[in-house]
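K.L.:
Model the full structure from these sequences, guided by the hints.
In terms of UniProt numbering, the sequence shown opens at residue 1 and continues consecutively.
Since the hints were made in silico from the structure, they are not lab data.
Mixed in with the good hints there might be a few duds.
Said to hold, decoys possible - Calculated pairs, DSSO-like style, for lysine-lysine (alpha carbon to alpha carbon, straight line, at most 30 Å):
1. Lys207 / Lys165
2. Lys194 / Lys87
3. Lys91 / Lys194
4. Lys189 / Lys77
5. Lys137 / Lys189
Note that the structure is a prediction, hence the values are computed from the model and not measured.
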Amino acid sequence: MNLEIFQLDNSLPFNDTSVIIVEVENIKFYRSLIESFHCISEFETPAIEMRLYENNEEVNIANETVIITDILHFDFKQRVFITKIYKQLEKQYHNNKEIDLIADQLVELRQLIGIQLNDYDLPLQLNEEVKLSSLYKLFNVTIEVETESILDRLLLLIDLVAQLKIARIIILNNVRCYFVEQELLEVYKYALYKNIKLLLIEPTFKKGKLQYERKLQIDNDYIEFWQ
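P.N.:
Shown next as structure tokens:
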């Protein structure tokens, strides 16, 4: 996969053996990048246009990415994240016979409620369509995170995104400051093992690079350097 950011000369090529680091010296451009990724995650129009390609065909960038602006305070129960989980669960169990039976029972329950509503001379309405996702909402299927460890939270996030196939790319904002080199390598190796692409956006330049890193540096004059 290749990510094209229209204000950059270089595209960002993802592969199965490396992690991409983008270091941005210009703070305004760095901020615009993060804001644009956030807009994309909310299905809004970003200030900086971006497109994601796979085998020379454009794919939906919002469906393939998860943006984490603050891993310490990331809400695993946020609407966008939970909605993606519901959709994946619904897709995964769509042809499951037991789930289909439960869905049929939900239809019967809806019909019973409809009969009860008819007893009132009021403009009461009932949703005609009963989706499997309604069942997950009914039982409040969410993610319980008990750890405050930033490393554990990040590894859990990678695990969830991979197992539930929520996205293929995780975009992390200014995350290197939390970890020593050995911990970063642990994160990189775990993501690659889980077949998750990582894109780290950083507001500072750092000399050298770690194993697995491919680094694009963008200076104040928007000159780009690959390491």
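K.L.:
Just pull the numbers of the violated hints for me, sorted ascending.
P.N.:
1, 5
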